[in-house]
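*Asks:* Sequence:
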Amino acid sequence: MATAIVFSAYGGPEVLGPLEIEEPVAGPGEVRVRVRAAGVNPVDVKLRRGDFAGLVPVTFPQRLGNEFAGVIDQVGADVTGFAAGDEVLGFTAMAAYTEVLTVPADSVTGKPDALPWELAGVLSAVGQTACNALRELKVASGDTLLVHAAAGGVGTVAIQLARRLGARVIGTASERNHAYLRALGAEPVVYGDGLAERVRALAPEGVDVVLDAVGGASVDASLELVADRARIGTTVDQKAADEHGIVRLRGARSAGMLAELAGLAARGELVLPIAAAHPLAAAAEAHREVETGHVRGKVVLTSG
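The sequence shown runs 1 to 304 under UniProt numbering.
Simulated from the structure, these hints should not be mistaken for laboratory data. Any given hint could turn out to be false.
Stated by the list, open to error - In silico DSS-like cross-links for lysine-lysine, where the CA-CA straight-line distance does not exceed 30 Å: (1) 138 - 46; (2) 239 - 138; (3) 46 - 239.
Stated by the list, open to error - Label-pair distances were calculated between CB atoms; the ranges are: (4) 202 - 56: 29 to 39 Å; (5) 206 - 182: 31 to 41 Å; (6) 106 - 179: 38 to 48 Å; (7) 23 - 229: 24 to 34 Å; (8) 57 - 142: 40 to 50 Å.
Computed from a predicted model, the values in this text were never measured in an experiment. By construction, the Cβ of each residue, glycine as well, lies at the ideal position given by its N, Cα and C atoms.
With the hints as extra help, turn the sequences into a complete structure.
*Replies:* Below is the structure:
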C-alpha cells in the first residue's frame, strides 16, 4: 500500500487528507516512480476549492498535483531508455501528491545529478507554462515584455527565459519583491491603480508584449499599453480572453522541453526559489501558503 493525498468534498485546506491506495503497476509504455518531491500550484488550490466545478471532471476521493520528481522502480513493457533506479522528473494530471505513481514514459526525463530533488519536483508546471507562453507570444530580442505577477513561479521563470532571448523585462510586484526582480534581470513596478502610467514612465518607447498571470485589472492595464492583442497573453483569465480577443495561454507539455529547463536549472542558469517544503502529510499547510497569493517561487511536498 501507499499514501496519496486526496479530498472528498470541495472546501478549504482542511479537506485534504491521506488515503491508503494500492500501489499501481506500470503498464505497457509506462514507468512507476517513487515520488521524492511534488510541486504545489495555484491550480491545485482552485481545484480543491471548487473553482472549476462543472468544468474539470472530479471523482471523489480526488487526488491533486501535476508535477513530480522521484526514482523509477518499475518499467513497463515496450519502454526503452529508462531502467529501475533512474532518477527522473516529470508531469502528470491531478495525481502527484502521492508516494508512488505510474506515468507514460514520455512524461519523464532524467534528473541531472546537480539538480536538487525539491527543485526538480517543482520545475515542470511553471517552467513549461513560461516557456510555452514566450513561444506563443513570439518574444524575441529587442522586445519589451511586461510580466504581471513577476515574483511568482511563472513570472520568475519567464523573466529569466526572456532575458536569455534578449528581451527587456518589466515586472509587476509588491515593493518587497522589487530587489528580487532586479536580481532576476527585470525592472520592477508596483501593481495597482495607475499601473499603465507607471509602466509608460519606465518605458516611454512602449511595451511590445504582455504575459499576465493575474487577470482582471492587470489585463485592463495591458490593453492600454499594447495594441496588438495577439501579443497579450493570460494564463488565468479566460473571461478576458473571450471578451477582448487576447491569447489564453496553454501549450503542450513535453519531456524534451522539461529536459531543457532541467539542464538550465542544474547549471545554475535558471533560478527558481523554494519558498517552503512540507512533508506529504502537511499538504493542507502547503495549500494555505499558496492560497495567500504571496509566495515567491514555489512550495513543494516531499516524501521518501
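*Asks:* Indicate, hint by hint, whether the structure satisfies it.
*Replies:* Results for each hint:
For the proposed pair residue 138 and residue 46, the alpha carbon gap of about 29 Å is at most 30 Å, so the pair holds. Taking the CA atoms of residue 239 and residue 138, the gap is about 23 Å. The hint holds against a cut of 30 Å. For the hint linking residue 46 to residue 239, the alpha-carbon distance of about 16 Å falls within 30 Å, and the restraint holds. For the pair residue 202 and residue 56, the beta carbons lie near 38 Å from each other, so the given range of 29 to 39 Å is met.
Between residue 206 and residue 182 the beta carbons are some 22 Å apart, a value that contradicts the proposed interval 31 to 41 Å. Judged by the Cβ atoms, the range 38 to 48 Å given for residue 106 and residue 179 holds: they are separated by roughly 40 Å. The given range of 24 to 34 Å is broken by residue 23 and residue 229, whose C-beta atoms sit roughly 49 Å from each other. In this structure the supplied range 40 to 50 Å holds for residue 57 paired with residue 142, their Cβ-Cβ distance being about 43 Å.
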